[in-house]
Amino acid sequence: MCLAVPARIISLDASTEMAVVNLSGIHKEVSTVLIDDAAIGDYVLIHVGYALHKLSEEEAYRTLAMFDELAQMNEAEETLDEIV
Amino acid sequence: MKFVDEFRDGAIARKLAKTIAETALPDRQYRLMEFCGGHTHAIFRFGVQDLMPENVGFIHGPGCPVCVLPKGRIDNAIALVQQHDVILCTYADLIRVPASAQMSLLKAKADGGDIRMVYSTQDALHIARAHPQRQVVFFAIGFETTTPPTAIAIRQARAEGLNNFSVFCNHVLTPPAMRTILQAEGGASAHIDGILGPSHVSTIIGSQAYAFCAETFHVPLVIAGFEPLDVMQSTLMLIRQLNAGTAIIENEYTRVVTRAGNRKAQQLMAEVFELRPTFEWRGLGMLAQSALKIRHEFADLDAECRFNMPAITTADVKGCLCPAILRGLNKPTDCKLFGTVCTPENPMGACMVSSEGACAAYWSYGRFRRETTKQEVAA
Amino acid sequence: MKRPYSVKLDINNGSVNMTHGSGGRAMAQLIDEIFVHHFDNELLRQYNDQASFTVPDGRMVISTDAHVIAPLFFPGGDIGSLSVHGTINDVCMSGALPLYLTAAFILEEGLPLAELERIVASMAAASRQAGVPVVTGDTKVVEKGKGDGVFITTTGIGMVPAGVNISGDQARPGDAIILSGSIGDHGMAVLSSRENLSFATTLQSDSAALHTLVASMLEVTPSIHCLRDPTRGGLATTLNELTLQSGVGMLLDEKAIPVKPEVMGACELLGLDPLYVANEGKLICICAATDADALLAAMRKHPLGRDAAIIGHVIADDHHLVQMQTAFGGRRIVDWLAGEQLPRIC
Chain A
1 MCLAVPARII SLDASTEMAV VNLSGIHKEV STVLIDDAAI GDYVLIHVGY ALHKLSEEEA
61 YRTLAMFDEL AQMNEAEETL DEIV
Chain B
1001 MKFVDEFRDG AIARKLAKTI AETALPDRQY RLMEFCGGHT HAIFRFGVQD LMPENVGFIH
1061 GPGCPVCVLP KGRIDNAIAL VQQHDVILCT YADLIRVPAS AQMSLLKAKA DGGDIRMVYS
1121 TQDALHIARA HPQRQVVFFA IGFETTTPPT AIAIRQARAE GLNNFSVFCN HVLTPPAMRT
1181 ILQAEGGASA HIDGILGPSH VSTIIGSQAY AFCAETFHVP LVIAGFEPLD VMQSTLMLIR
1241 QLNAGTAIIE NEYTRVVTRA GNRKAQQLMA EVFELRPTFE WRGLGMLAQS ALKIRHEFAD
1301 LDAECRFNMP AITTADVKGC LCPAILRGLN KPTDCKLFGT VCTPENPMGA CMVSSEGACA
1361 AYWSYGRFRR ETTKQEVAA
Chain C
2001 MKRPYSVKLD INNGSVNMTH GSGGRAMAQL IDEIFVHHFD NELLRQYNDQ ASFTVPDGRM
2061 VISTDAHVIA PLFFPGGDIG SLSVHGTIND VCMSGALPLY LTAAFILEEG LPLAELERIV
2121 ASMAAASRQA GVPVVTGDTK VVEKGKGDGV FITTTGIGMV PAGVNISGDQ ARPGDAIILS
2181 GSIGDHGMAV LSSRENLSFA TTLQSDSAAL HTLVASMLEV TPSIHCLRDP TRGGLATTLN
2241 ELTLQSGVGM LLDEKAIPVK PEVMGACELL GLDPLYVANE GKLICICAAT DADALLAAMR
2301 KHPLGRDAAI IGHVIADDHH LVQMQTAFGG RRIVDWLAGE QLPRIC
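Chains as they are written, first to last, in this note's numbering: chain A, 1 to 84; chain B, 1001 to 1379; chain C, 2001 to 2346.
Careful: at least some of the hints might be erroneous.
Said to hold, decoys possible - Calculated pairs, PhoX-like style, for lysine-lysine (alpha carbon to alpha carbon, straight line, at most 20 Å):
#, chain 1, residue 1, chain 2, residue 2
1, B, LYS1318, B, LYS1331
2, B, LYS1318, B, LYS1336
3, C, LYS2255, B, LYS1002
4, C, LYS2255, B, LYS1015
5, C, LYS2146, B, LYS1109
Claimed, not checked - Covered, in the sense of this in silico footprint (three residues per stretch, anywhere, with C-beta under 8 Å from a C-beta of chain A), are these stretches of chain C:
#, region
6, 2266-2279
7, 2337-2346
To be verified - Far from chain C, some chain A residues (derived; all Cβ distances over 10 Å):
#, residue
8, ALA7
9, LEU12
10, GLY25
11, ILE26
12, VAL33
13, ASP36
14, ALA38
15, GLY41
16, ASP42
17, GLU57
18, GLU58
19, GLU59
20, ALA60
21, ASP68
Treat the hints as calculated values from the structure; they're not laboratory data.
Just so you know, even glycine gets a beta-carbon here, dropped at the ideal spot from N, CA and C.
Bound conformation, chain A alone:
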């Protein structure tokens, strides 16, 4: 369930707790009531007009690196196969 997509905060209104986010050039106004310390430049997960959670860029890159490690392991094995 629960279609949610990451988007970047480009402007904030602290008084209304609303933010404008950018997703590939689309700008949408969303509520930040569920997020603490939202800041411009943060990536947040958007669902039905609300930011649900901040996205940790560090964790995102770590996850991608995990995929990449796997890829490198595979390539190393393949090279090994070729040598043998």
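Fit chains B and C to the supplied structure of chain A, relying on the hints for placement.
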């Protein structure tokens, strides 16, 4: 799209597929349930099954709030529109769902009912402000991801004194449904080896909410991100656990899921909602403590208090296999109605009405597999 | 011919009322000062109830469309320009050169004259730019509440050049499938200006008349098998129509299908699939594989075909399925649309 496209990379997918094929032991089956309808949709849309070895199969779970909403609740909503002339605000997902007597929100709209599709509860509040003379009811559905937005709308309506606004609450909870699936024994058991946990429900409830899967049922669960590479990586993590005989809760979706979840959202939900003693789930029956109702303190914003909404029980169509499919006991192709009487244009049961239901996903994205198999068998 | 109106129409403050449809002086003035004034061509200025002209020898094509879009004005167009482009496109998808258009208006009582003029001016501009004049028309007025501002029905005629035989049942296994440019622009541009779903974007409708693109394609390859513009229901619907008509199947390559990043973003936000989103300035061309490269080159030289791409091939398939190899590496069906595609939360 940043943090989306990278997780759909086909080159990495091929490499992950190779690793999965090498890690899966050839002499056993891996029956993995993806609980969430969004994952079902992603698996079919991206063709993830094609990248899996033969002995790794996905069982589609009941995490589809549209699918599990009882028909009677839609009947209630239609009655609100027809008998009380309310403006009914609803997410688009519900508009075509068949209710009783061949009705649906779409048909009720065609008959003159004031039914408006909204993207957000904010839009529903906007409509209530714009029409102070009319009663505006928001038809709330969804698991824990979609519940905080409803809580916010209720609090906001209270703060603004928006007296013409109320909510028809149908929010349901993930852990009780998971428990029901895992509790089934013998012939009623789907024999699930591992679970791909929901992505966005988990951002709200946290990984700690699934401890019971491991502790009580010794079933490993990996919280999987929404993108196809996340699904594949999570599948690999489950296969590794099953090979090692472990049953722990792991989190692949660390970029937005933490152990504790979103505390602020949880507090907001607790402030506005409480547990219903029991609630009907289409296909799963009555489940105890599995759904939310609006607290007494906010009763004036509860449509079920404001309007007379009698409980309406309806039976599923004869021959419809949805109850078994939702529990993971059968595949869509096992159902006699599938693709003959029951199609997305003319859905008979829960699993076909939503684009994420197992039957709808299978029909719309994957029925060529059946055709190919048939052709191969014939040849 | 000087017309006997004592006072000019008050475009700024006036609105359509029932007398504008009653056939009397008020209606004549509306027609004169708005429709004839903007469409302004010899045939229309004859003020007959019909337009009469000679046509070259050959096969004639005729097509008609009703336009009921809401909102009336959207980024990149309006109901007026849309109706001109839409009918020109339907005519030219047969290979025909469009000649003339008709336009019938059903106006809702209360429609501001300023809006009507804006729509008609836009239609006239589109018609002039395309070189296809609106030569006759009709006007009716319905009571308030019985129309969405304005409904427009356009009919167009054209002549098919000799030797051209394009039809939806001509696709054959092995044929190449060419798409003239990015999909989903129109539908998402319109959606962005709908209440309750609004989002800010620079996306514009791709509404355009495709007849000069088609002409340049036919110059290179007169033996094109099929042409169709994927409007409502999107690319997916059009391709499914063609597989059924031709009794074939298709295999697409998702990586090859051009989609603008903003369209992708808007679709992800709302849970929509760009394959099912409407287009108003794109075409699908099915041709023999050997003709594909030359056609593609010709299309890319034309302003409306710069992003043209071969997106797949026709295959033999008794089930007439449109299948797609996903960018991810798996395979899926691209099915018929079940009802209207609606945004989803799940």
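- Item | Hint numbers not upheld by this structure, sorted from lowest to highest | 8, 10 and 11
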